[in-house]
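Top line first, the protein sequences correspond to chains A and B.
Residue 87 in our numbering sits at position 87 of the first sequence; the count goes up by one each step and never skips.
Residue 219 in our numbering sits at position 219 of the second sequence; the count goes up by one each step and never skips.
These are calculated hints, taken from the structure and not from any lab test.
Predicted, not measured: the structure shown is a model, and the values here were computed from it.
Watch out, some of these pointers could steer you wrong.
Result set (DMTMM-like, lysine to aspartate or glutamate): computed pairs, CA atoms no more than 20 Å apart in a straight line [what the hints assert, rightly or not]:
{"hint": "1", "chain 1": "A", "residue 1": "K235", "chain 2": "A", "residue 2": "E172"}
{"hint": "2", "chain 1": "B", "residue 1": "K170", "chain 2": "A", "residue 2": "E172"}
{"hint": "3", "chain 1": "A", "residue 1": "K118", "chain 2": "B", "residue 2": "E172"}
{"hint": "4", "chain 1": "B", "residue 1": "K170", "chain 2": "B", "residue 2": "D191"}
{"hint": "5", "chain 1": "A", "residue 1": "K117", "chain 2": "B", "residue 2": "E176"}
{"hint": "6", "chain 1": "B", "residue 1": "K43", "chain 2": "B", "residue 2": "E61"}
{"hint": "7", "chain 1": "A", "residue 1": "K117", "chain 2": "B", "residue 2": "D191"}
{"hint": "8", "chain 1": "B", "residue 1": "K212", "chain 2": "A", "residue 2": "E175"}
{"hint": "9", "chain 1": "A", "residue 1": "K118", "chain 2": "A", "residue 2": "D129"}
{"hint": "10", "chain 1": "B", "residue 1": "K43", "chain 2": "B", "residue 2": "E11"}
{"hint": "11", "chain 1": "A", "residue 1": "K241", "chain 2": "B", "residue 2": "E172"}
{"hint": "12", "chain 1": "B", "residue 1": "K212", "chain 2": "A", "residue 2": "E186"}
{"hint": "13", "chain 1": "A", "residue 1": "K241", "chain 2": "A", "residue 2": "D276"}
{"hint": "14", "chain 1": "B", "residue 1": "K202", "chain 2": "A", "residue 2": "E175"}
{"hint": "15", "chain 1": "B", "residue 1": "K183", "chain 2": "A", "residue 2": "E123"}
{"hint": "16", "chain 1": "A", "residue 1": "K118", "chain 2": "A", "residue 2": "E24"}
{"hint": "17", "chain 1": "A", "residue 1": "K211", "chain 2": "A", "residue 2": "E280"}
{"hint": "18", "chain 1": "A", "residue 1": "K118", "chain 2": "B", "residue 2": "D168"}
{"hint": "19", "chain 1": "A", "residue 1": "K241", "chain 2": "B", "residue 2": "D168"}
{"hint": "20", "chain 1": "B", "residue 1": "K7", "chain 2": "B", "residue 2": "D179"}
Listed here are the chains, written in short residue letters.
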Amino acid sequence: MGEAFSNLMKSIQAGQFVFTGELEPHKSTDLSEVLAWATTLKETGRIVAANVTDNPQSVCTMSSLVASYVVQRETGLETVYQLRTSDRNRLALTSDLLGAAILGLKNVLALTGDHIKKGDIVEALPVFDLDGTQLVELIHRMVYDGKDPAGNELHGPRPQLNIGAAGNPNFEPVEIEVLKLERKAEVGVDFIQTQVVFDVNTALHFLEAAKHINLPILIGVFPPRSYGQADYFSKYVPGVKVPPEFLEQFQRLRTIPDKTERRQRINEYNIEYFTDFIKEVKKQEACKGIHIMAVGYPEVVAPIIENV
Amino acid sequence: MIVLRQKPFAEILKMIQGYDRILVVGCNGCAGIYQVGGEKQAKVLGMLLEMATRLKGGAVEVKAMTTLRQCDRQIVATTLSPLVEDYEAILSMACGVGVQTLAEVFENMMIIPANDTQFIGMQDSESGTFYELCRACGECILFETAGICPMTRCAKGLLNGPCGGCVDGKCEVPVEVRDENGKVVQTIDQDCAWYLIYDRLKKAGRVDLFRKYRPPRNRAVSGSPRQL
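Looking at chain A on its own, in the form it has when it is part of the complex (with noise of 0.2 Å):
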């Protein structure tokens, strides 16, 4: 494992469960929402970091990496700066990981990121001149030999970043993900940040057959706030499987006609689903914490952490 440079990485050193939150910048020059989040996910005092998405499902919005400063700047929250391979070539990406570290960002999660196709500019050109498994690589390199991607000396202090990467519980057969896991540990990722998971056993198999890669692994969950929301997880977002019987729970919650009784049992069902969820997966060695995803629903964040 590298060295520790953020309080996330500190944190997961130190023995600590962690908890990490996300932040979604939209096509605006506004932040103020973001900010509010940014500040309520600060004082539950347990949110150790924040990611900050960079063109989620390439849909573009405001850059992560001005974004990720300004939430450090305005609310003390430490972020995740997410960077994507999908728009930017190698320079672009040295670039604006050097920028990274003036501006005292100390995490950066590697992806990929989803095909242009996907997003809301279609006609773009889809770079990928790096993938993501190859950007923790090129960070490997400049935070520790102090290099670009050619080779050439960087200059001034060395980017103290720790490098995150994203795995995938829901992809089947599992042992593609590990492999693929594997060859990230190898180019000297940090910590794993996975994808949402609302199947427990799912998580449990993941967790399991990646322990012996020995990266701290913070799993992906996703209260929803509605049917509505976990209908769509179920179906548009490729490979989360969603159980039956949270589906019908959900169902069933809808059908109370009175709006804030409604709201109050989808949250009771929420903290207790997540609850039991958390403690599960807590129990595995591999489980270093949650990365938990949602966006502006502090009514559930809050006493999930609590519970757990």
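Starting from the structure of chain A, add chain B where the hints point.
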């Protein structure tokens, strides 16, 4: 083989406007084999151009012929030199290479492409479908990938796939079949190239080749224009 498709007829008509004597030149290489630009197609296109021009009240003199391979300067020069001075323009039914070879050999002639060059591929003779299989990247890794090219058949061209967009062995991006105007007329689910690669390597007892980390490509190798 180089896979071609004839341009929309209206586009060809627009390009030949203003030229009264046109030499239509087919190619018996890839274009001829795939029956897009062989002898018969050259003759048919020539007749259509004459008829269309006549319907508009004009007249165009067309001669249709073919060369063995339009991508060969010597063949092109020998076959066409005695003829070209009688014409104002050459309508090439070859690929982009053939068009450019003509332009080099006959530098004072207007060379008009009749086809859009699509890709390097293979045809399934039963269904007639053409599949893109090679991007001529200059660094073949097919040994490591069980004879399946991820540069071409992975929508992202990944070297360390599959990505998270692979579900049940299928790619998150379907293949878009387009008509001659570039409009999508059909989308077809495609297999994830890396899923296929894993499957084959596993059967061959070579999961080690799949597991191997592949560093970034040297893009300079495939930087255009190239010479050998």
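Hints, one by one, checked against the model:
{"no.": "1", "hint": "K235/A / E172/A", "result": "holds (17 Å)"}
{"no.": "2", "hint": "K170/B / E172/A", "result": "holds (11 Å)"}
{"no.": "3", "hint": "K118/A / E172/B", "result": "holds (8 Å)"}
{"no.": "4", "hint": "K170/B / D191/B", "result": "holds (4 Å)"}
{"no.": "5", "hint": "K117/A / E176/B", "result": "holds (11 Å)"}
{"no.": "6", "hint": "K43/B / E61/B", "result": "holds (13 Å)"}
{"no.": "7", "hint": "K117/A / D191/B", "result": "holds (17 Å)"}
{"no.": "8", "hint": "K212/B / E175/A", "result": "holds (14 Å)"}
{"no.": "9", "hint": "K118/A / D129/A", "result": "holds (18 Å)"}
{"no.": "10", "hint": "K43/B / E11/B", "result": "holds (18 Å)"}
{"no.": "11", "hint": "K241/A / E172/B", "result": "holds (16 Å)"}
{"no.": "12", "hint": "K212/B / E186/A", "result": "holds (10 Å)"}
{"no.": "13", "hint": "K241/A / D276/A", "result": "holds (18 Å)"}
{"no.": "14", "hint": "K202/B / E175/A", "result": "holds (11 Å)"}
{"no.": "15", "hint": "K183/B / E123/A", "result": "holds (13 Å)"}
{"no.": "16", "hint": "K118/A / E24/A", "result": "holds (17 Å)"}
{"no.": "17", "hint": "K211/A / E280/A", "result": "holds (15 Å)"}
{"no.": "18", "hint": "K118/A / D168/B", "result": "holds (18 Å)"}
{"no.": "19", "hint": "K241/A / D168/B", "result": "holds (12 Å)"}
{"no.": "20", "hint": "K7/B / D179/B", "result": "holds (10 Å)"}
Of the numbered hints stated above, none is contradicted by the structure.
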